[in-house]
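J.: These are the residues of each chain, in order.
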Amino acid sequence: MMCPMPVIRTQDKVAELQVGDTLEVTCTDPGALNDIPAWCRINGHKVVSSEEDKGEVIITVMVGEK
Amino acid sequence: MAPPFHSVKIKMQATQRKAVALISGGLDSLLAAKAVMEQGVHVEGINFYTGFCVEGHTHAIRKKDKAKPKRNNALWVAEQLGIKLHIVDVIEEYKDIVINPSHGYGQHMNPCLDCKGFMVKKAHQWIAENNFDFIVTGEVIGQRPMSQRKETMPVIAKESGAGDLLVRPLCAQHLPPTLPEQEGWLDRDKLFDFSGRTRKPQMALAEQYGFEDYAQPAGGCCFLTDAQYSKKIADLWTSRGERRYELDDIMLLKVGRHIRPKKHFKLIIGREEGENNFLSGYRKMLSSIKTVSHAGPLTLIDGEVTEEDIELAAQIAARYSQGRTADKVEVEFTDKHGVSKLLNVTPMPVSQLDEAWQI
Numbered sequence: 001m002m003c004p005m006p007v008i009r010t011q012d013k014v015a016e017l018q019v020g021d022t023l024e025v026t027c028t029d030p031g032a033l034n035d036i037p038a039w040c041r042i043n044g045h046k047v048v049s050s051e052e053d054k055g056e057v058i059i060t061v062m063v064g065e066k
Numbered sequence: 001m002a003p004p005f006h007s008v009k010i011k012m013q014a015t016q017r018k019a020v021a022l023i024s025g026g027l028d029s030l031l032a033a034k035a036v037m038e039q040g041v042h043v044e045g046i047n048f049y050t051g052f053c054v055e056g057h058t059h060a061i062r063k064k065d066k067a068k069p070k071r072n073n074a075l076w077v078a079e080q081l082g083i084k085l086h087i088v089d090v091i092e093e094y095k096d097i098v099i100n101p102s103h104g105y106g107q108h109m110n111p112c113l114d115c116k117g118f119m120v121k122k123a124h125q126w127i128a129e130n131n132f133d134f135i136v137t138g139e140v141i142g143q144r145p146m147s148q149r150k151e152t153m154p155v156i157a158k159e160s161g162a163g164d165l166l167v168r169p170l171c172a173q174h175l176p177p178t179l180p181e182q183e184g185w186l187d188r189d190k191l192f193d194f195s196g197r198t199r200k201p202q203m204a205l206a207e208q209y210g211f212e213d214y215a216q217p218a219g220g221c222c223f224l225t226d227a228q229y230s231k232k233i234a235d236l237w238t239s240r241g242e243r244r245y246e247l248d249d250i251m252l253l254k255v256g257r258h259i260r261p262k263k264h265f266k267l268i269i270g271r272e273e274g275e276n277n278f279l280s281g282y283r284k285m286l287s288s289i290k291t292v293s294h295a296g297p298l299t300l301i302d303g304e305v306t307e308e309d310i311e312l313a314a315q316i317a318a319r320y321s322q323g324r325t326a327d328k329v330e331v332e333f334t335d336k337h338g339v340s341k342l343l344n345v346t347p348m349p350v351s352q353l354d355e356a357w358q359i
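Protein chains in written order, with the numbering used here: chain B, 1 to 66; chain E, 1 to 359.
Just chain B, with the same shape it has in the complex (with noise of 0.2 angstroms):
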């Protein structure tokens, strides 16, 4: 899956959490380590923790104030 694929499927499932919850996305493009955080600053969420290994890329995200 590539970009902005991760983004959206990001963005949909926020949609669906409470603020204040976490959502833990796993996906192998390397690109979501910048989309993913940069889309939470811009829509008020926060990232929690990233990190990438062996080709797959794991991003924390705490939903913020929508």
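Read the hints as simulated data drawn from the structure, not as lab findings. There's no promise every hint is true.
[To be verified] Some but not every residue of chain B turned toward chain E, in silico, with C-beta under 7 angstroms: (1) 3; (2) 4; (3) 7; (4) 8; (5) 34; (6) 39; (7) 43.
On a predicted model such as this, the values are computed, not experimentally measured, just so you know. For every residue, glycine included, the Cβ atom is placed at its ideal position computed from N, Cα and C.
Please arrange chain E on chain B, whose structure you already have, making use of the hints.
T.: Same frame as chain B, but now just chain E:
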């Protein structure tokens, strides 16, 4: 007795109007959104993902493009503007635009006029669902030969259903006043009169707004405007005998060397490590060939193949390996179920590699 008179003071406060701006990630939509924000309008961005977008990450597949930014430009633009961005997956709906464009194609397989109408229509639906007031685009009269002409501007407004809720701030003064201008939500005099293919006014405005870094203008943000890519789509449809595609089809068209030695199958050969890595993600969907005795690219086989076809595919794959001049090259063929077998083949000489096979 007359009721007592009550004096009520009402402070009239204008409601802040809300607009959604189509954000492609390029300069024009950045400036158009900014121009409206400058007038006190609350702006949020919307970006439609069709599957054909040329993104930084597509460049990131290939090593030669490593120097290009790997950012998503639409997100980056939204961050520069300090606005929210809604990215909408329109892959399925967009197929009809590509396959049956009512206004036809541009120079290649680009259905630009239908595309713009589709996106404005989607934005129009979005503002109705989200209680926004109008739509902003970065269109400039005369900038694009198909979709951005004076004659096509009203076509987009009409066919999308947006009508006078569609504002093009960069060329607004060349167009009839829209509802936001008529109602005073926007001051028409503070909008612009850009036209034509020159980019100088946009660059000057970017400087005025303090934007120093932006995606290179007029660089094309859609693979459908690319001649080679369009040729590959046409080949896909011809070989299938019908005009249809899935997302994986159009992703694979962005990568590798495409060779069709027979109508019923084609080879997709990685041109470098980045492409090989990308193609390896499709090994459970398509058969593949990897050279064993010599270093070489990963080759995917799109189509159902016979034993004879596998032999031919292996010879071609070997031709693109380090063993191209060897008498024999050992290759491993793996079907999409993961069942492998080894073959020893003679690499195909360049003279036998028919130019007509190259897509």
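J.: Does each hint hold? Answer for all of them.
T.: We went through each hint and held it up to the structure:
1. 3: 4 angstroms, holds
2. 4: 5 angstroms, holds
3. 7: 6 angstroms, holds
4. 8: Residue 8(B) check passes; min Cβ-Cβ to chain E is 5 angstroms, inside 7 angstroms.
5. 34: 5 angstroms, holds
6. 39: This hint holds: residue 39(B) lies near chain E, its Cβ roughly 6 angstroms from the closest one there, short of 7 angstroms.
7. 43: Holds - the Cβ of residue 43(B) comes within 7 angstroms of chain E, reaching about 5 angstroms at its closest.
When the structure is compared with the earlier hints, no violation turns up for any of them.
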